[in-house]
Each structure stands twice: as C-alpha cells, then as structure tokens.
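Peer 1: Here is how the chains run, residue by residue.
2 protein chains.
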Amino acid sequence: MLASQFLSTELKEFDNTFNEAVKSHIPLLDIIMQYVARRKGKQLRPIFVLLTAKMCGNVTEQSYRAAALIELLHTATLVHDDVVDDAETRRGFFSINAIWKNKIAVLVGDYLLSKGLLLSLGNGDFTILQILSTAVKEMSEGELLQLEKSRKLDITEEVYFEIIKAKTASLISSACAAGAYSSSADKVLSDKCKLLGENIGMAFQIKDDLFDYGTMDVGKPTGNDIKEKKVTLPLIYTMQQCDARTKSKIKYILKNNNKDKKDVQFIIDKVIKTGGVEYAETVMKKFINNAYALLNDWPASEAKEVMKDLINYTIDRKK
Amino acid sequence: MLASQFLSTELKEFDNTFNEAVKSHIPLLDIIMQYVARRKGKQLRPIFVLLTAKMCGNVTEQSYRAAALIELLHTATLVHDDVVDDAETRRGFFSINAIWKNKIAVLVGDYLLSKGLLLSLGNGDFTILQILSTAVKEMSEGELLQLEKSRKLDITEEVYFEIIKAKTASLISSACAAGAYSSSADKVLSDKCKLLGENIGMAFQIKDDLFDYGTMDVGKPTGNDIKEKKVTLPLIYTMQQCDARTKSKIKYILKNNNKDKKDVQFIIDKVIKTGGVEYAETVMKKFINNAYALLNDWPASEAKEVMKDLINYTIDRKK
Numbered sequence: 002m003l004a005s006q007f008l009s010t011e012l013k014e015f016d017n018t019f020n021e022a023v024k025s026h027i028p029l030l031d032i033i034m035q036y037v038a039r040r041k042g043k044q045l046r047p048i049f050v051l052l053t054a055k056m057c058g059n060v061t062e063q064s065y066r067a068a069a070l071i072e073l074l075h076t077a078t079l080v081h082d083d084v085v086d087d088a089e090t091r092r093g094f095f096s097i098n099a100i101w102k103n104k105i106a107v108l109v110g111d112y113l114l115s116k117g118l119l120l121s122l123g124n125g126d127f128t129i130l131q132i133l134s135t136a137v138k139e140m141s142e143g144e145l146l147q148l149e150k151s152r153k154l155d156i157t158e159e160v161y162f163e164i165i166k167a168k169t170a171s172l173i174s175s176a177c178a179a180g181a182y183s184s185s186a187d188k189v190l191s192d193k194c195k196l197l198g199e200n201i202g203m204a205f206q207i208k209d210d211l212f213d214y215g216t217m218d219v220g221k222p223t224g225n226d227i228k229e230k231k232v233t234l235p236l237i238y239t240m241q242q243c244d245a246r247t248k249s250k251i252k253y254i255l256k257n258n259n260k261d262k263k264d265v266q267f268i269i270d271k272v273i274k275t276g277g278v279e280y281a282e283t284v285m286k287k288f289i290n291n292a293y294a295l296l297n298d299w300p301a302s303e304a305k306e307v308m309k310d311l312i313n314y315t316i317d318r319k320k
Numbered sequence: 002m003l004a005s006q007f008l009s010t011e012l013k014e015f016d017n018t019f020n021e022a023v024k025s026h027i028p029l030l031d032i033i034m035q036y037v038a039r040r041k042g043k044q045l046r047p048i049f050v051l052l053t054a055k056m057c058g059n060v061t062e063q064s065y066r067a068a069a070l071i072e073l074l075h076t077a078t079l080v081h082d083d084v085v086d087d088a089e090t091r092r093g094f095f096s097i098n099a100i101w102k103n104k105i106a107v108l109v110g111d112y113l114l115s116k117g118l119l120l121s122l123g124n125g126d127f128t129i130l131q132i133l134s135t136a137v138k139e140m141s142e143g144e145l146l147q148l149e150k151s152r153k154l155d156i157t158e159e160v161y162f163e164i165i166k167a168k169t170a171s172l173i174s175s176a177c178a179a180g181a182y183s184s185s186a187d188k189v190l191s192d193k194c195k196l197l198g199e200n201i202g203m204a205f206q207i208k209d210d211l212f213d214y215g216t217m218d219v220g221k222p223t224g225n226d227i228k229e230k231k232v233t234l235p236l237i238y239t240m241q242q243c244d245a246r247t248k249s250k251i252k253y254i255l256k257n258n259n260k261d262k263k264d265v266q267f268i269i270d271k272v273i274k275t276g277g278v279e280y281a282e283t284v285m286k287k288f289i290n291n292a293y294a295l296l297n298d299w300p301a302s303e304a305k306e307v308m309k310d311l312i313n314y315t316i317d318r319k320k
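Residue numbers (our numbering), protein chains in the order written: chain A, 2 to 320; chain B, 2 to 320.
One or more of the hints may lead you astray.
Because identical chains cannot be distinguished in the list, a pair is counted as satisfied if it fits within a single copy or across any two copies.
As the list claims (entries may be wrong) - Straight-line distance between alpha carbons at most 20 Å, and here's what the computed EDC-like set of lysine to aspartate or glutamate pairs gives:
1) Lys43 x Asp317
2) Lys230 x Asp155
3) Lys150 x Asp31
4) Lys24 x Glu149
5) Lys153 x Asp31
6) Lys104 x Glu149
7) Lys24 x Glu163
8) Lys104 x Glu229
9) Lys104 x Asp226
10) Lys286 x Glu21
11) Lys250 x Asp261
12) Lys320 x Asp155
13) Lys250 x Asp264
14) Lys319 x Asp226
Simulated from the structure, these hints should not be mistaken for laboratory data.
Go ahead and model the full structure; you've got the sequences and the hints to work with.
Peer 2: What follows is the structure, given as structure tokens:
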C-alpha cells in the first residue's frame with residue numbers, strides 16, 4: 002500500500018499545520034508561499050515522521066508539528082538550493098531562483114527556517130527541534146565536505162559514506178527519530194527508528210547517484226554529477242578497478258570545466274563496463290537489508306507493512 | 002567611554018563562546034570560519050546584549066550564549082547577504098561569495114544558523130531563542146517587503162517605518178531584550194529594553210539611509226540605494242515636496258536599470274535642495290530622544306552612561 006494512501010487523513014492534517022505555519026501578512030511572501038505549496042513534492046519527510054509515529058504508537062499533535070517543521074526545513078533548503086545549484090527547474094516548475102532571483106530565494110529560505118523554529122518553540126517541542134537542528138548542521142557539513150573533496154577528486158568510499166550520511170541520511174533518520182519521539186517516550190524505540198531512517202537514507206542517496214549512470218529500467222543516464230565533478234560510489238569503484246591511464250583520463254575529464262558529451266559518455270561507459278553500477282547496487286541493497294533486519298524486531302502492524310513498501314520504493318523508483 | 006572598552010573583559014569571554022560554537026571537523030569549514038572570525042565587525046549586537054545585561058543586573062553565562070547566538074545569526078545573514086547583495090567586498094575584505102561562490106555562502110549561513118540553534122537548545126535558552134527567532138522572521142519579512150515595494154516605487158513613510166522596524170530595529174531590540182532577560186527575571190525591564198533597542202535601531206537605519214545622500218561631515222554621497230531602487234526616508238520626503246514633473250523624472254530614473262552618474266546626482270541634488278536630508282535627520286533624532294527618555298527611568302550606573310555614548314555613536318558615526 003502506498004504510504005500516501007495509508008496516511009491520507011494524517012497528511013491532510015499535516016497540510017493544515019504547514020499552511021498555517023507559513024502564513025504571512027507580506028503580499029509578496031504569500032504569493033511565493035502559494036507557489037511553494039503548489040509545487041510540493043512527494044512529502045517523503047513528513048511521511049517518514051507520520052509513519053514512524055504510527056509504528057511506535059499514535060500520531061499526536063506533536064507529530065504534525067514535527068512533520069511541518071521538517072517540511073519547512075526541507076523547503077528552506079530546497080529554496081536555498083535554488084541558489085546553490087543554480088537549477089533552472091526543480092520538480093518540473095521553474096525554480097524560485099529563476100523567477101524571483103537569488104535575493105528572494107535566500108530571504109524566503111530564512112523566513113521558512115524562522116517560522117519552523119517559532120512553531121516548535123511556541124509549543125515546547127525542544128527535543129524535536131534539537132533532533133532536527135542537528136540534521137541541518139550535518140546536512141550543511143556534508144554538502145561542504147562534498148564540495149571540498151570534489152575539488153580534489155580524492156574521494157574514497159569511506160569519505161563518500163561520510164558525505165551521504167551527513168547530507169542525505171541525517172534528515173531521514175531525524176524524521177524517523179522525531180516521529181518515534183512524538184508518539185512514544187521509549188528512547189530505545191526512537192534510537193532504533195533513527196537507525197532505520199539512516200539505512201534508508203543511505204540507500205536513497207546511492208539510488209540517486211546511480212541515476213547518473215543509468216540502469217536498465219531507468220533509461221538514459223543523466224551524467225549531471227560528472228559535469229559537477231561529483232565523484233559518487235559507482236565511479237569510486239571504477240577508479241579503484243581501472244588501469245592508471247584510464248584513471249588519469251577520467252580525472253582529466255572531471256577537472257575540465259566545459260565537458261564534452263563524448264567525454265561524459267566515456268566515463269559512463271567505463272563505469273558500466275567495470276561493474277561500478279552493479280557494485281553500487283550491491284551496497285545499496287546492503288543498507289536496505291539492514292533496514293529490513295531492524296524492522297524484524299517490530300510487532301506486526303499495517304504501518305510496518307507500509308514502511309516495507311516505502312523501503313522498496315526507495316530502491317525501485319524511476320526518478 | 003567606548004562600549005567595547007567598558008566591556009573588554011566580557012567581549013573576550015564572548016569571543017571564546019563564539020569560537021567554541023563555530024568549531025567544525027570539516028577542514029574547509031574551519032578555514033572559512035577563521036576567515037569569518039578575522040573580518041569580524043564592530044560586534045554591535047553582542048555589545049547591546051552584554052550592555053543591557055549589565056544595565057539590568059549581571060552578565061551571566063546565558064548572556065554570553067545570547068550574545069554568541071545573535072552574532073551567529075547576524076553572521077549567517079551577512080554571509081547570506083553576500084549572495085543577496087552580490088557584494089564584491091564587505092567590511093573591507095573580499096566577500097565570502099566573491100571567493101568561494103554562492104554555493105558555499107548559503108551552506109555556511111545554514112551551518113551557522115544550526116550551530117546557534119544547537120548552542121541555545123543544548124543549554125535550555127528557549128525564551129532567548131524565541132526572542133531571536135522572531136527577529137529573524139521579521140528581518141526576512143522586512144527585506145522582502147522592501148523588495149516588493151521597491152519594484153513599485155510606492156513607498157510611503159508608514160511603509161518605510163514598517164520596513165526598517167522589521168529589517169533593522171527588530172534585531173537590535175531583540176538583542177536588548179535578550180540581554181535584559183539573561184540577567185533579570187523582571188519582564189517589565191526586558192520589555193523596556195526591547196523598546197529602547199527598537200528606537201536605537203530605527204535611528205541606526207535612518208542614519209544608514211542618510212549616507213546615500215551624504216551629509217556635511219560624512220563626505221561624498223554614495224547613491225547606492227538609488228542604484229538599487231531603494232526609496233528611503235530622505236527621498237520619500239522629497240517626492241512629497243517636489244512638483245509632479247520632478248517626481249515623474251525621479252521615478253523614471255529609479256526605474257532605469259543602468260543609471261547614469263548624472264541621473265543619480267540629479268536625485269541626490271533634489272533631495273538636498275528640498276530638505277530631505279534635514280527632514281530625515283529630524284526624524285532620526287526623534288527616535289534618539291525616545292531612547293533617552295526611556296533611559297531616564299534607569300538608576301544611575303556606568304553601564305547606563307556607556308549606553309548613552311553608544312546611542313550617540315549611532316547618529317554620529319561616519320560610516
């Protein structure tokens with residue numbers, strides 16, 4: 002069963018909390034917020050909050066606020082990312098950046114952050130705020146670490162795992178920890194949910210990184226990471242496997258700022274040929290198996306089954 | 002007496018708290034933080050926190066954390082402003098943006114925000130966090146309101162005051178409220194400090210806006226706001242005073258994206274000639290007098306005298 006279907010009532014309630022939180026008396030801001038609300042994505046993070054809350058007890062008012070806070074934080078980072086990535090489009094719409102320019106994107110991001118803070122502070126959700134602030138810190142550290150390492154092109158598997166744990170897994174694991182905390186006082190349970198989210202998050206990012214190289218069922222590789230000098234798991238493996246000459250050719254291509262289509266394709270072909278894609282898929286499945294193993298401890302419930310489907314979605318999704 | 006002299010011991014202690022808070026294990030981040038620390042400005046906001054704390058009782062550990070939090074927030078907004086304003090230089094150094102690009106500027110800003118949050122949350126400074134989150138919300142609202150109004154060039158005095166109250170005065174008033182709260186449980190006292198800071202903040206921004214038009218003792222007008230279509234108090238007054246033809250010429254110049262030096266000078270001359278500068282100075286002094294009136298209620302103390310000097314600095318500063 003789709004998580005969004007299973008949680009349809011809860012997601013409506015969450016929407017109310019979220020929309021109430023972003024209301025503003027500044028007309029420009031209200032227009033932007035409607036625009037932000039319209040282009041809302043799969044709401045994966047609120048879903049993780051609400052689903053873990055259900056797995057650990059009942060969805061509470063605090064669960065809704067935790068879900069709203071994490072979506073505010075996530076939207077703020079997306080809006081900031083519009084600056085960061087200079088993306089022309091995001092989720093199929095024009096990015097705020099393209100339309101309203103950097104200036105507004107940064108301010109709206111700050112506004113969303115402060116609204117999230119005030120929502121949590123006003124209701125005394127201090128532990129949840131701490132869980133999620135830690136995630137924000139780790140996310141920015143992870144992105145900065147990736148930037149630093151990209152310049153040097155010397156990413157090892159160890160560093161790669163450190164990066165994706167910080168930049169992606171930390172927010173999903175915090176969502177799960179916050180969801181558990183909002184419905185149960187059991188610290189062991191929320192620690193277990195945190196670990197569950199961490200494993201799902203690691204798999205999620207590896208899947209994202211695999212899109213760069215295409216897979217049988219996904220279609221054309223995108224090559225975006227290669228263009229941005231981001232060395233991810235499939236390529237790390239390939240650079241360990243290939244001969245010195247190929248390795249230095251790959252490095253040469255990565256360093257080049259105006260990459261040729263042919264050059265990008267050369268790297269993609271090498272990665273596929275040396276088994277970099279299969280290797281990354283194996284590692285991804287290892288994280289998924291960890292997640293399943295953690296779920297085994299849980300008593301049977303509909304929420305648990307939906308979580309299993311959500312985990313499968315992580316690795317089966319086509320985009 | 003200079004506030005920085007009066008508070009020299011406290012500012013050293015504050016520095017320790019701040020530097021401890023921004024420590025990171027990411028090498029790139031540590032380099033940037035050293036760079037941020039080196040270009041530290043007049044530390045006006047921590048000074049307001051520590052000085053109001055002294056005016057209301059004793060500087061406490063919470064005062065230092067409040068000062069560090071506000072400086073973290075302020076530094077985060079400066080770093081984000083590097084994106085926002087696309088400034089080539091800031092405080093005489095190259096902006097982080099110019100050297101490290103937008104990407105890093107946004108991430109570092111987010112990192113600083115999260116570190117400030119964690120510092121406060123970890124120590125249970127919830128009220129202070131709420132005071133300052135409100136300020137961040139108001140600052141972003143104020144900036145966005147100014148952007149919205151700038152496009153339409155229809156700023157009234159009322160809207161101007163709303164803008165500068167939100168974008169500048171709110172952070173200074175929050176600094177004063179937080180300082181008072183950190184040293185005294187007296188709610189009336191912290192409300193009074195908030196109002197004191199608000200009046201100082203209003204005067205501070207009007208002074209800033211006056212630099213655009215130059216004054217006798219300041220030297221050459223900068224005209225930066227005019228270039229950015231920002232209509233501030235001196236020009237609002239002038240547009241009320243001048244004839245319809247001049248008004249539409251001013252609007253025409255403001256709308257033009259590639260302003261001629263001569264055109265900018267035309268507006269500056271009009272503002273000076275119609276008394277826009279004197280008018281804004283009168284309003285600025287009104288806010289300063291409000292601040293003085295509030296101080297009258299306070300028992301005599303060295304801290305109070307230093308606050309008076311700080312207020313005078315607000316309107317006497319040359320940059």
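Peer 1: Taking the hints in turn, state whether each one holds.
Peer 2: Outcome of the hint check:
In this assembly of identical chains, the alpha carbons of Lys43 and Asp317 lie at most 20 Å apart only when taken from the same copy (15 Å versus 54 Å across copies). Taking the closest pair of Cα atoms, Lys230 and Asp155 come within 20 Å of each other only inside a single copy of the chain (11 Å); across copies the shortest separation is 46 Å, beyond that limit. In the homo-oligomer, the alpha carbons of Lys150 and Asp31 lie at most 20 Å apart only across protomers (14 Å), although the nearest pairing inside one protomer, at 39 Å, exceeds that limit. Within a single copy, Lys24 and Glu149 get their C-alpha atoms only as close as 38 Å, which misses the 20 Å cut-off; across copies the closest is 17 Å, which meets it.
Taking CA atoms no more than 20 Å apart as the test, Lys153 paired with Asp31 passes between copies only; the shortest distance there is 17 Å, against 42 Å inside one copy. In this homomeric assembly, Lys104 and Glu149 come within 20 Å of each other (Cα to Cα) only across copies, at 12 Å, whereas the closest approach inside a single copy is 25 Å. Taking the closest pair of Cα atoms, Lys24 and Glu163 come within 20 Å of each other only across two copies (18 Å); inside a single copy the shortest separation is 37 Å, beyond that limit. Taking CA atoms no more than 20 Å apart as the test, Lys104 paired with Glu229 passes between copies only; the shortest distance there is 12 Å, against 24 Å inside one copy.
When the C-alpha separation of Lys104 and Asp226 is checked against a cutoff of 20 Å, the pair qualifies only between copies, where the shortest distance is 15 Å, while the shortest distance within a copy is 26 Å. For a Cα distance limit of 20 Å, the shortest separation of Lys286 from Glu21 qualifies neither inside one copy, at 39 Å, nor across copies, at 40 Å. Only within a single protomer do Lys250 and Asp261 lie at most 20 Å apart by alpha-carbon distance; the minimum there is 13 Å, versus 51 Å between protomers. Neither within a single protomer nor between protomers do Lys320 and Asp155 lie at most 20 Å apart by alpha-carbon distance, with minima of 28 Å and 46 Å respectively.
Taking the shortest Cα distances, Lys250 and Asp264 sit within 20 Å of each other inside one copy (10 Å), while across copies they are farther apart (55 Å). Proximity of Lys319 and Asp226 under a CA criterion of 20 Å is satisfied intra-copy only: 17 Å inside one chain copy versus 49 Å between copies.
Checked against the numbered hints above, the structure breaks hints 10, 12 and satisfies the rest.
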